[in-house]
Amino acid sequence: MARVELRSLNKVFPGGVEAVKDANLVIEDKEFVVLVGPSGCGKSTTLRMIAGLEEVTSGEIYIDDKMVNDTPPKDRDIAMVFQNYALYPHMTVYKNMAFGLILRKFKKKEIERRVHEAAEILGIMELLDRRPKALSGGQRQRVAVGRAIVRQPKVFLFDEPLSNLDAKLRVQMRAEISKLHHRLQSTMIYVTHDQVEAMTMGDRIVVMLDGVIQQVAAPLELYHNPVNKFVAGFIGSPPMNMVDGLLFAENGGIWFRDDSGAINLAAPEAMWARLNPYVGKRITIGIRPEDMFENESQVLKPGISIQAPVEVVEPMGSEINLYLTVGNQAVTARIKSDREPEVNKPHILDINTANMHFFDIETEKTVV
Amino acid sequence: MRVTLAKSAACLLLCGWFAAVALPLGWVFLNSLRSSQEFVANPFGLPWFLTGSPPDGRLSLEELDAAGARHDAPEIDLPRQLRTQFDLLDADGNGFITEEEARAAGLGEAQWGRSLRLADRPGSRRAAWKEVKANYAKAWVESRFSSFFTNSIIVTGTSLAGILAVGAMASYVLARFTFAGSRALFLFFISGMMIPAQLVLVPLFFQFTWMSQAGTRLLQPFGLELQMHDSLSGLIVIYIALSLPFTILVLTGFFKTLPGELREAGIMDGCGEYRVFWHIMLPLARPGIITAAIFNFIGLWNEYLFALVFVNAADKKTLPLGLASVSMQSQYKTDFGLLFAALVITIAPTLLVYMLLQRRLTRGITVGALKG
Numbered sequence: 008m009a010r011v012e013l014r015s016l017n018k019v020f021p022g023g024v025e026a027v028k029d030a031n032l033v034i035e036d037k038e039f040v041v042l043v044g045p046s047g048c049g050k051s052t053t054l055r056m057i058a059g060l061e062e063v064t065s066g067e068i069y070i071d072d073k074m075v076n077d078t079p080p081k082d083r084d085i086a087m088v089f090q091n092y093a094l095y096p097h098m099t100v101y102k103n104m105a106f107g108l109i110l111r112k113f114k115k116k117e118i119e120r121r122v123h124e125a126a127e128i129l130g131i132m133e134l135l136d137r138r139p140k141a142l143s144g145g146q147r148q149r150v151a152v153g154r155a156i157v158r159q160p161k162v163f164l165f166d167e168p169l170s171n172l173d174a175k176l177r178v179q180m181r182a183e184i185s186k187l188h189h190r191l192q193s194t195m196i197y198v199t200h201d202q203v204e205a206m207t208m209g210d211r212i213v214v215m216l217d218g219v220i221q222q223v224a225a226p227l228e229l230y231h232n233p234v235n236k237f238v239a240g241f242i243g244s245p246p247m248n249m250v251d252g253l254l255f256a257e258n259g260g261i262w263f264r265d266d267s268g269a270i271n272l273a274a275p276e277a278m279w280a281r282l283n284p285y286v287g288k289r290i291t292i293g294i295r296p297e298d299m300f301e302n303e304s305q306v307l308k309p310g311i312s313i314q315a316p317v318e319v320v321e322p323m324g325s326e327i328n329l330y331l332t333v334g335n336q337a338v339t340a341r342i343k344s345d346r347e348p349e350v351n352k353p354h355i356l357d358i359n360t361a362n363m364h365f366f367d368i369e370t371e372k373t374v375v
Numbered sequence: 073m074r075v076t077l078a079k080s081a082a083c084l085l086l087c088g089w090f091a092a093v094a095l096p097l098g099w100v101f102l103n104s105l106r107s108s109q110e111f112v113a114n115p116f117g118l119p120w121f122l123t124g125s126p127p128d129g130r131l132s133l134e135e136l137d138a139a140g141a142r143h144d145a146p147e148i149d150l151p152r153q154l155r156t157q158f159d160l161l162d163a164d165g166n167g168f169i170t171e172e173e174a175r176a177a178g179l180g181e182a183q184w185g186r187s188l189r190l191a192d193r194p195g196s197r198r199a200a201w202k203e204v205k206a207n208y209a210k211a212w213v214e215s216r217f218s219s220f221f222t223n224s225i226i227v228t229g230t231s232l233a234g235i236l237a238v239g240a241m242a243s244y245v246l247a248r249f250t251f252a253g254s255r256a257l258f259l260f261f262i263s264g265m266m267i268p269a270q271l272v273l274v275p276l277f278f279q280f281t282w283m284s285q286a287g288t289r290l291l292q293p294f295g296l297e298l299q300m301h302d303s304l305s306g307l308i309v310i311y312i313a314l315s316l317p318f319t320i321l322v323l324t325g326f327f328k329t330l331p332g333e334l335r336e337a338g339i340m341d342g343c344g345e346y347r348v349f350w351h352i353m354l355p356l357a358r359p360g361i362i363t364a365a366i367f368n369f370i371g372l373w374n375e376y377l378f379a380l381v382f383v384n385a386a387d388k389k390t391l392p393l394g395l396a397s398v399s400m401q402s403q404y405k406t407d408f409g410l411l412f413a414a415l416v417i418t419i420a421p422t423l424l425v426y427m428l429l430q431r432r433l434t435r436g437i438t439v440g441a442l443k444g
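Going down the list, the sequences are from chains Y and V.
Residue numbering for the first sequence follows our numbering, starting at 8 and increasing by one per position.
Residue numbering for the second sequence follows our numbering, starting at 73 and increasing by one per position.
No lab work stands behind these hints: they were computed from the structure.
Being a predicted model, the structure only gives us computed values, none of them experimental.
Zero decoy hints are in this set.
No more than 27 angstroms apart at the CA atoms, straight line, and that leaves these computed lysine-lysine pairs for DSSO-like:
hint : chain 1 : residue 1 : chain 2 : residue 2
1    : Y       : K73       : Y       : K37
2    : Y       : K161      : Y       : K102
3    : Y       : K102      : Y       : K81
4    : Y       : K140      : V       : K328
5    : Y       : K73       : Y       : K112
6    : Y       : K102      : Y       : K140
7    : Y       : K102      : V       : K328
8    : Y       : K81       : V       : K328
9    : Y       : K115      : Y       : K161
Please model the entire structure based on the sequences and the hints provided.
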């Protein structure tokens, strides 16, 4: 079992593309860490550098306090699950799983024991004699995971392993990989672009953008206290509503008004101290769709309510997604309601201003 | 409607294609089972050892006379004892019992006359079958096709092994890795296809002379000499060099289609680059390698020009040269039976290899898809 540490890790590809910039990260033993970010953010490159598939431009990678920059992949005691499974098409499932052990000259009996044990865990015992082409996507994914398990490596790496599966299977495999982590109690590093996967699976989440680590935190910490506008917008679905406008003092309080004047909100008193320096300046606010509520009486409450016609209604079952245009601003709301609001009729929503986020419009850093 | 029309048109085309390929092959094979005499009588007839006798009226009286037959001989029944002895009497297996053979067997005048009449009847199946065996025996032994055949096997087999070994390894590296000059190296290999082989014939001949001399000078201290001309190894070197451009073009394209993630999976599993190649990439490239093998085999097995120029000694000749010499020897008196038998000996391995490898080719493509 292992602890992985990245110190000032950089990767510059030939041609000058900086894929990873000064990444510092400590992944504790038995931790499940998810690297998440939009495509091209450097998360896969980081993973591949840990695996040893990409050379490190500068900085160091430590596994169990041993610098592994120049250690070839096979000696790092790491197993990786690939996005496209990368099963060997000419080998049976058994041989696919046993291949790494055969190369490491394990005894035949030990190989058989380990493969059967892994197959048991993954429920693929009856597939051992088949070839990858005769398997469904989900089964292939299990074999790919099994190939990693049998090695009993220090660290598991997953490179978007679920992105080729259909939605239902993805949810199922998500839970299974989480279960596997509890069962195996080993360090796992998981790359995905899907924030739902990141939120549901990770002990800690590393959010990356343009090769820079934005924030490292536990899922709920990330959700409630994003360090900047990007993290706030990336985590959560539907994404957080971002509105630019002016912060100003009036009637002894601090108010926000957007450029069209249609959104007028009062900042909660708890935030005043942090907001004071921004009074009279432009600022960005963020409101999560789930922080908007149906106004039962449909009466405007100053500083809390917004009024806008509903353009699209998406009933999700337990909740309803509303798409509205306030002034010139598209806004998404997620309300709990039994009845669907009428389309194109003005509608009043209340905002839980205590959960509002303020971002510096220039640096995009969180103000409060 | 349109579909069925297109289908039947395709079927018709394929049937035509099949006929164009199969009929000449069948014709060659059938004629290898007939004697020259039969062939002259009717080039498109069936072998007499099957039909038993020539179709009526096909043999002219003169031809029968020439064959020594007594067409006026009355049909007679031979004593059973004599009938079983016929093969024993016919010592040289030509289907006729000559006076000498009869006397050697101690037959009396009366019996000899009667047996002669029986033997003379044209179209004895037994006699025809002996002719057939004689065709192949003559080709294999007298015309030295056993030697040509062995030479062809050695030359083609060794060349093929060399081509595939060098070609597969070079192609994999050229397809998967970029290094300084990799593109130039690829183009250098491929540019070999732009030069007609016939063009390098004469320079190569002189180069071989030079190489033999230089090599021999080098090897002299060890009591060896380098013989590039008139040697199978010289021919093998040429064949490998000439076949590499095409092979590398085909295999590079094939290796490029293989997913690169498999290499990374292999590396994570503990392979070095060589293991990745031997255990993962090479087995996956089997359909491509078999394709290259088939094309190269057919080309090399039938190669004539370079063999003609670089090989003179009779014991070094390959099958195409052997065929040529047979047809040249029989310039004045053509032994068609022998010629066709020689042709069959030459063609058969190609057909065999093609049939065997083709089955494995399709199996290679659909492996996994069908299994399980």
